[in-house]
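Undergrad: Line order of the protein sequences matches chains A and B. Those letters in the first sequence? Residues 1 to 198, by the UniProt record's numbering. Those letters in the second sequence? Residues 1 to 259, by the UniProt record's numbering.
Be careful, since some hints might not be right.
To be verified - Subject to a maximum C-alpha distance of 30 Å in a straight line, what follows is the list of computed DSS-like cross-link-like pairs (lysine-lysine):
#, chain 1, residue 1, chain 2, residue 2
1, B, Lys164, A, Lys184
2, A, Lys184, B, Lys236
3, B, Lys164, B, Lys154
4, B, Lys236, B, Lys16
5, A, Lys184, A, Lys131
6, A, Lys197, A, Lys184
7, A, Lys197, A, Lys131
8, A, Lys184, B, Lys154
9, B, Lys91, B, Lys16
Everything labelled a hint here was simulated from the structure, so no lab data went into it.
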Amino acid sequence: MTDLVIVDTGCANISSVYCAFQRLGYEALISNETSIIQGASRVVVPGVGSAGQAMRNIRQLELVDTLQQLQQPVLGICLGMQMLTSHSMEGDVACLSLIPGEVVPLQADGLRLPHMGWNTLHSIQAHPLLKQFGPEDYVYFVHSFGVAPNEYSLAQCNYGTDFSAVIGKGNVAGAQFHPERSGKVGARLLQNFMEWKP
Amino acid sequence: MLAKRIIPCLDVRDGKVVKGVQFRNHEIVGDIVPLAQRYAEAGADELVFYDITASSDGRVVDKSWVRRIAEVIDIPFCVAGGIKTVADAGKILEMGADKISVNSPALLRPELISELRDTFGQQCVVVGIDSFFDVASGQYQVYQFTGDESRTQKTRWLTSDWVKQVQQLGAGEIVLNCMNQDGVRSGYDIAQLSAIRAICQVPLIASGGAGAIEHFSQVFQQADVDGALAASVFHKAVIEIADLKTQLIAEGIAIRPYT
Chain A
1 MTDLVIVDTG CANISSVYCA FQRLGYEALI SNETSIIQGA SRVVVPGVGS
51 AGQAMRNIRQ LELVDTLQQL QQPVLGICLG MQMLTSHSME GDVACLSLIP
101 GEVVPLQADG LRLPHMGWNT LHSIQAHPLL KQFGPEDYVY FVHSFGVAPN
151 EYSLAQCNYG TDFSAVIGKG NVAGAQFHPE RSGKVGARLL QNFMEWKP
Chain B
1 MLAKRIIPCL DVRDGKVVKG VQFRNHEIVG DIVPLAQRYA EAGADELVFY
51 DITASSDGRV VDKSWVRRIA EVIDIPFCVA GGIKTVADAG KILEMGADKI
101 SVNSPALLRP ELISELRDTF GQQCVVVGID SFFDVASGQY QVYQFTGDES
151 RTQKTRWLTS DWVKQVQQLG AGEIVLNCMN QDGVRSGYDI AQLSAIRAIC
201 QVPLIASGGA GAIEHFSQVF QQADVDGALA ASVFHKAVIE IADLKTQLIA
251 EGIAIRPYT
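Given only the sequences and the hints, what does the whole structure look like? Please build it.
TA: So this is what it looks like as structure tokens:
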């Protein structure tokens, strides 16, 4: 069994995510093969780009069922997190429906978009993924769409309005920010994910 | 609250970090990867690598250093220089860069910006603009091929017109390099940056002129830029990023603390 598999969604930030785990001492396998993803002990769904394109890639690779049936810990990152929800208005596409929620354009109340840069978290829930996270921690965001706060929000961020920075349900979780590019704080989330026993 | 970004810029030529004054007389500062790592550990919020040879001499440039940077760096970084096509950009993003920045090639073929936006998303697409204040006309004008003094030339664009145009085409961020200030450390061009800020709805990064901590305070407080880019003050240790951040936080500017 391969310990950690990064799903090769055909998106661009895969090597950054791979390197971030490598810096923590975890050698991930990057794959788009059903059997390898199913056999992983942990699965990461990365993503950069548009939801429509990313979901098309996943469908073409015939990975929808595979990803929907995973029982092991799953972490979506940025667009990868958005793909875990039910639907994205970016391209009006159905997503994987692993965590209820809808991806909508950020209502930034006149602030500049994309929401790009380091921002803080609030409403941080007691969850193993967010062990040792506090309101003083900064993480790196780059996005124009987001998930409104809901019962599956594990942490929120404010940019003109509150949105979900981390979501989770059962064995599946996702971060809107980029832990692989969020310095020591981001590395903490990835380490917490590797130790998570949902 | 979204933090203002401190962005060391590393000008790269033949795989080495170099720095010149007003884009000229480049001297070697050091190897890319250790310098990048040092800045990430010192509290930089983001790094920009400008391959300054690439656009001006037309050859295929070895970009394997991008992957080596991605392996060691845990903050975002942007690669600029010589990106002429979607395929060029794709390779750099695949190697682990978070953003790509286009400058001269976008002036030659503005639709490149839209192609990059449609393929990789607006958030990846940075447009660098080299702007020079022409005393005779009293206007800011866009220059191209600024990596090579012998080929540097004025374009038909006024800076303000080009800023509007690139936003329409899909730029996700603009780096405005004020050439009159570059390398002379006398402060950012607050007047120009404020004027561009008023017509720039995407993140705006100030470049050119940082020489002291107060220059950063001024550019954040007076020009409301999203980030401030600097090179020589960091390379030559005139300013330590930790000291800079401590001072900016003390002045009430939203900054990610050095940890």
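Undergrad: For each hint, tell me whether it holds in the structure or not.
TA: Checked hints:
Distance hint between B/Lys164 and A/Lys184 is unfulfilled; the C-alpha atoms sit about 37 Å from each other, more than 30 Å. Proposed proximity of A/Lys184 and B/Lys236 is supported: the alpha carbons are some 26 Å apart, at most 30 Å. Distance hint between B/Lys164 and B/Lys154 is fulfilled; the C-alpha atoms sit about 18 Å from each other, no more than 30 Å. A hinted pair counts as satisfied when its Cα atoms are at most 30 Å apart, and B/Lys236 with B/Lys16 qualifies at roughly 15 Å.
Restraint check: the Cα-Cα separation between A/Lys184 and A/Lys131 comes to about 13 Å, which is no more than 30 Å; the hinted pair holds. Annotation: proposed proximity of A/Lys197 to A/Lys184 holds, straight-line Cα distance about 22 Å (limit 30 Å). This hinted pair checks out: A/Lys197 and A/Lys131 have alpha carbons roughly 13 Å apart, not beyond 30 Å. Annotation: proposed proximity of A/Lys184 to B/Lys154 is violated, straight-line Cα distance about 43 Å (limit 30 Å).
A C-alpha spacing of about 20 Å is found between B/Lys91 and B/Lys16, which places the hinted pair at or below 30 Å, so the restraint holds.
Checked against the numbered hints given earlier, this structure breaks hints 1 and 8; the rest are met.
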